[in-house]
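A.B. asks: Given next are the chains, with one letter for each unit.
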Amino acid sequence: MQIITLLTDFGLKDPYVGIMKGVILSINPNTTIIDITHNVSPQDIREGAFLMKEYYPYFKSGTIHVAVIDPTVGGERRPIIFCKDEHFFVGPDNGMFSHIIEANSEIYEIKNSDFMLKNISSTFHGRDIFAPAAAYLASGIHPSVFGPKVVNPVYLADIFPDIINGVLTGEVVMFDRFGNAVTNIDSEIFNDFINANPFEIHIGSITFSSLNKSYYEQNFTCLINSSGYIEFGCYKGSFSREAGIKKKDIVRVGLL
Amino acid sequence: MQIITLLTDFGLKDPYVGIMKGVILSINPNTTIIDITHNVSPQDIREGAFLMKEYYPYFKSGTIHVAVIDPTVGGERRPIIFCKDEHFFVGPDNGMFSHIIEANSEIYEIKNSDFMLKNISSTFHGRDIFAPAAAYLASGIHPSVFGPKVVNPVYLADIFPDIINGVLTGEVVMFDRFGNAVTNIDSEIFNDFINANPFEIHIGSITFSSLNKSYYEQNFTCLINSSGYIEFGCYKGSFSREAGIKKKDIVRVGLL
Amino acid sequence: MQIITLLTDFGLKDPYVGIMKGVILSINPNTTIIDITHNVSPQDIREGAFLMKEYYPYFKSGTIHVAVIDPTVGGERRPIIFCKDEHFFVGPDNGMFSHIIEANSEIYEIKNSDFMLKNISSTFHGRDIFAPAAAYLASGIHPSVFGPKVVNPVYLADIFPDIINGVLTGEVVMFDRFGNAVTNIDSEIFNDFINANPFEIHIGSITFSSLNKSYYEQNFTCLINSSGYIEFGCYKGSFSREAGIKKKDIVRVGLL
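Protein chains in written order, with the numbering used here: chain L, 1 to 256; chain B, 1 to 256; chain Z, 1 to 256.
No wet-lab data here; the hints were simulated from the structure. Treat the hints with caution; some may be incorrect.
For chains that are exact copies, the list does not tell them apart, and a pair is met inside one copy or across any two.
Dumping the calculated DSSO-like pairs for lysine-lysine here, alpha-carbon to alpha-carbon at most 27 Å [what the hints assert, rightly or not]:
| id | residue 1 | residue 2 |
| --- | --- | --- |
| 1 | K118 | K84 |
| 2 | K118 | K60 |
| 3 | K213 | K13 |
| 4 | K13 | K84 |
| 5 | K213 | K118 |
| 6 | K60 | K13 |
| 7 | K118 | K53 |
| 8 | K248 | K213 |
| 9 | K111 | K213 |
| 10 | K247 | K13 |
| 11 | K213 | K247 |
| 12 | K53 | K246 |
| 13 | K13 | K53 |
| 14 | K236 | K247 |
| 15 | K53 | K247 |
| 16 | K53 | K213 |
| 17 | K84 | K247 |
| 18 | K149 | K111 |
| 19 | K111 | K246 |
Since this is a predicted model, take the numbers as computed values, not measurements.
Next comes chain L alone, as it looks inside the complex (with noise of 0.2 Å):
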């Protein structure tokens, strides 16, 4: 069985999930569907992309990870797959794989309507294209034969952390469920900046001088989370809602 992961924006209350996976198997009845999440913020590009770098390492080689957040469906944006470390990528070609693409990879356009649904709408390429390149891709076609390569693909500006008049700055790139605030600070870049000396780290009128190590040590904290980034939490609340924080808030890391 081969393994198609989906992320998308398009929520649980609607079929749209349902009927790409109706499409999947239809054409490969072979292949093992997980979902990622359907909750990405709708149209949030940003939000998915640091997400997909986040999940994506805990597959086996081979999986293909189908990612759909796609606010310019039907424009002039290209349908896209790759391949990255044994792992295979589809989706469109809107800074969804900012953080993964790298120089050398082979990106190619998807463009032969024999890997697509006969009718193509101008809203929903999950079903049209999405799903029936990744089940064709499951089936064993090489990307190549999807169509023409991508020499330039789209990146999102702005999405690493930045040392700012000697302040490491950062934000917030989203919420988990418990309104842990998640930022694009990873620890590497962390512990370079800080290279043991004493720090402050501010976020909204909070600071912190330390990190914690779990979530239960204190009514704020601030660690490094399971993904490797420093996050902001509360014991038994919403760092969110305490906090007032908001997605894109800033973070700064200064020296003491």
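Starting from the known structure of chain L, fit chains B and Z onto it as the hints suggest.
C.D. replies: Below, chains B and Z alone, put in the same frame as chain L:
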């Protein structure tokens, strides 16, 4: 592996859906169970019926579709089973299959207790009757073995658009996750009615005199959605909220 | 295919559940993973424990049930594994299994790092410890191989109803999707207590002097639900909202 799809209004907070899957897999492990959605608006048979005709054609022949929107569970309404286009359907006889049942459909009441759980509750036939029926169907039991023929299945009233005083009149049947308003006016009825003449589409206080192709073309959009129905959207926003539209609001198409 | 069920409070917005599935399928692809729910109220061990006893019997022998409601992850609480009624259970030793563990249950601490991911985070044992344990269990590893015996598992207090001054007294343990209020008073305790005598059931300011059979019989209903517990409902509405009832509100059954 036989595919079984599930459509319910059980939500995703409770263990009901998981329990149905446990029952199915205990009776017949050779099944792949696909969730369509469990977030049909509570007890909204009309919405469920509309969704069902949308997703089932994307599954392959032999798929078993179980639908449990069942506000009168425990009463006189019959559990039924039937086949259409080589697809099987299982659920309550409450109008849920109004868009699918045809005049010559051979419908059977599920009455044979050999194909039910031992104890039948009065509140959870999804577990006690419908899940087992699907599992036994997947094992090759013919629908006619489940019980007697049903000759007068329940139909919902007024589910199709109508021409009233020269105006094609339909309604909003549901909102998708993005707040797009889906109507019951399909492209065939629409095109037959306008017959290539200039037209106006009215919803709430908004008027459209042409169709869009994609959601990102302008703020409010009106397009034929991926399932072939007229749908209203709002780019990067919720049409429902921005335009103040509710389910069952009237949609009118007039000729100029 | 070995069945593994998942019960968590991770929600469906984040990739955590998908990551657990990736870990399981990477270790043991011959598994079918079934979601029970990931919407247990955040950190509510009590609710999770109650749900667990409700759904597990509907799965077949040999099923592995993973439960991760784990507010003190990263602390001293032990990860455990045990078998009951030919079902396997994996999760934190925090009371989660209070309804299932018996005096003679052979419980093992998961301590053998051969059966964990290489790097153990302090915040996501679902991924690092519980998912791998389930996958290895499914491969036939015996529970005793995972670590030493646990002789003093944690139990939750006051999870059963009690007779106080001649009144059978229980509580609302959870609300289902429809807003129905589920209590911890099961039909056996209830029937033993009333012993066929006239009774009154009190919740908030509402009194029932008989049980209903179905939710559609009247506006407010009180019935034995499909799992055998006293439950309060509201036809076409939410009992929680309409009757102003909250979790942990007291339910009293008195004899007349």
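A.B. asks: Each hint should be assessed against the structure and marked as holding or not.
C.D. replies: Evaluated hints:
| no. | hint | in the structure |
| --- | --- | --- |
| 1 | K118 / K84 | between (29 Å within a copy, 22 Å between copies) |
| 2 | K118 / K60 | between (32 Å within a copy, 15 Å between copies) |
| 3 | K213 / K13 | between (36 Å within a copy, 23 Å between copies) |
| 4 | K13 / K84 | between (32 Å within a copy, 25 Å between copies) |
| 5 | K213 / K118 | between (53 Å within a copy, 18 Å between copies) |
| 6 | K60 / K13 | between (30 Å within a copy, 23 Å between copies) |
| 7 | K118 / K53 | between (32 Å within a copy, 19 Å between copies) |
| 8 | K248 / K213 | within (24 Å within a copy, 32 Å between copies) |
| 9 | K111 / K213 | between (48 Å within a copy, 20 Å between copies) |
| 10 | K247 / K13 | both (24 Å within a copy, 15 Å between copies) |
| 11 | K213 / K247 | within (23 Å within a copy, 31 Å between copies) |
| 12 | K53 / K246 | within (22 Å within a copy, 39 Å between copies) |
| 13 | K13 / K53 | both (26 Å within a copy, 16 Å between copies) |
| 14 | K236 / K247 | both (21 Å within a copy, 16 Å between copies) |
| 15 | K53 / K247 | within (19 Å within a copy, 38 Å between copies) |
| 16 | K53 / K213 | within (23 Å within a copy, 32 Å between copies) |
| 17 | K84 / K247 | neither (29 Å within a copy, 45 Å between copies) |
| 18 | K149 / K111 | within (10 Å within a copy, 49 Å between copies) |
| 19 | K111 / K246 | neither (39 Å within a copy, 39 Å between copies) |
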